[in-house]
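A.B. asks: Sequence:
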Amino acid sequence: HLRFAPGLDTSKNAHLFSMVLHNLMDTLRLLAQDPNDQSAMNNLLASGERLSALVVAHRLQEYGFDAYPLGAEDIGITLDGNFQASHVDLQASSIKLNRDTLHGTPVITGWFGEGQNKEIAILSRGGSDHSATAIANLIDADKVILWKDVPGIYSINPRWSIRSETIPYLNYQEAIELSLMDTPVLHPSTIEPLIEPNIQLEVRHLCHSNHDEKTVIGPELPEKELKAVGCLPNVISLGFSHHHIDSHQRQLVKILGELAKNEVHWWGLESRLGDSRLIVSQHDMHRASTIFEQFNIDADHHQHLGLLSLIGCNETDVEAINTLFEATEFELSWLNRTSSAARVAIDGEDLSQALQLLHALIQEQNISVAQQS
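Sequential numbering from 1 applies to the sequence shown in this note's numbering.
FYI, nobody ran anything at the bench for these hints, they're computed from the structure. One or more hints might be untrue.
Computed cross-link-like contacts, EDC-like style, restricted to lysine to aspartate or glutamate with a CA-CA straight-line distance of at most 20 Å [stated by the list, open to error]: (1) K224 to E319; (2) K254 to D284; (3) K12 to E62; (4) K143 to E220; (5) K261 to D80; (6) K96 to E119; (7) K143 to E119; (8) K143 to E213; (9) K261 to E293; (10) K254 to E293; (11) K261 to D275; (12) K254 to E270; (13) K224 to E315; (14) K143 to E192; (15) K96 to D74; (16) K118 to D89; (17) K148 to E202; (18) K118 to D26; (19) K143 to E202; (20) K224 to E165; (21) K118 to D37; (22) K118 to D80; (23) K118 to E62; (24) K96 to E73; (25) K143 to D212.
Whole structure, please, built from the sequences with the hints as guidance.
C.D. replies: The following block contains the structure:
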């Protein structure tokens, strides 16, 4: 840390730097005595974030900013669990937040805060970004900028080796859907604190000087267009039926409740006249099948090539996609549709080829829109 912030150990924050190092040594001693001490482990993990806040504040001070480090737990940021948590508790944090400490340019630690038991609690995946948007909610910020190693969110995940463009604008629900399905750039919990206060989020590249290249996330706009494709490969559909429609519906409600209770996520549901089909990931297939067996249901298993989420898809897009795939080997099964996206199960051989076709369709539509404007 001193390599990135030389002089930190002799600066006006030297006492804080020394305090973090002493706390680090104390927690290491505690863990040497009891490796299962969760409180000590969380304090150890939080030390890195505290040191990073000191480094960033020190460098900003050198550039003339009135910057200073703040510990999230010291200013009242409270999480919704003990030791481990998934969200910042906005209601509790709003009551506890010490706004008098916020002046100039505060550098606040992310990823952890005070748990329900008053001990340090750490957030799960996407915790640092969620901390940023939660704090934005609490202080009624105008905007949040997330600096990443990419210039925004791509219309197709780069892992599919398809050279796609960044998406200029997503509404909140579109961004949540894409983060659920495919993008590693954002986690759904990052978006949630921004929705009620209508705070805009920007995703930018840390090292790029082109400020026009970014993805903006905000309230819904009147224009609807196909913007991106999220993809979950190798999903399983579990189908079952009952000759009495009412009995079937009761079975379905019980199954969905049990799946939720056991934290088995289902990605799609098709249900009509006593016949239902649930989509789960390959990872969750065994647990989902066990739940079906609890209700004496022998579900029909079918492995799909993948599950696609078509972000911003409207009726015209559905027709265009059906026409596009009619002349191919792929088969599409349309599932859930909302105002922000449509989910479709796809069968065939080469998922990357299907994504190439959809990417070409998005490009074609973008060119058409640009010409019209």
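A.B. asks: Now, for every hint given, state plainly whether the structure supports it.
C.D. replies: Tested hints:
no. : hint         : result
1   : K224 to E319 : holds (15 Å)
2   : K254 to D284 : holds (18 Å)
3   : K12 to E62   : holds (12 Å)
4   : K143 to E220 : holds (16 Å)
5   : K261 to D80  : holds (18 Å)
6   : K96 to E119  : holds (15 Å)
7   : K143 to E119 : violated (30 Å)
8   : K143 to E213 : holds (17 Å)
9   : K261 to E293 : holds (16 Å)
10  : K254 to E293 : holds (12 Å)
11  : K261 to D275 : violated (23 Å)
12  : K254 to E270 : holds (16 Å)
13  : K224 to E315 : holds (10 Å)
14  : K143 to E192 : holds (14 Å)
15  : K96 to D74   : holds (10 Å)
16  : K118 to D89  : holds (13 Å)
17  : K148 to E202 : holds (10 Å)
18  : K118 to D26  : holds (19 Å)
19  : K143 to E202 : holds (8 Å)
20  : K224 to E165 : holds (18 Å)
21  : K118 to D37  : holds (15 Å)
22  : K118 to D80  : holds (11 Å)
23  : K118 to E62  : violated (35 Å)
24  : K96 to E73   : holds (10 Å)
25  : K143 to D212 : holds (16 Å)
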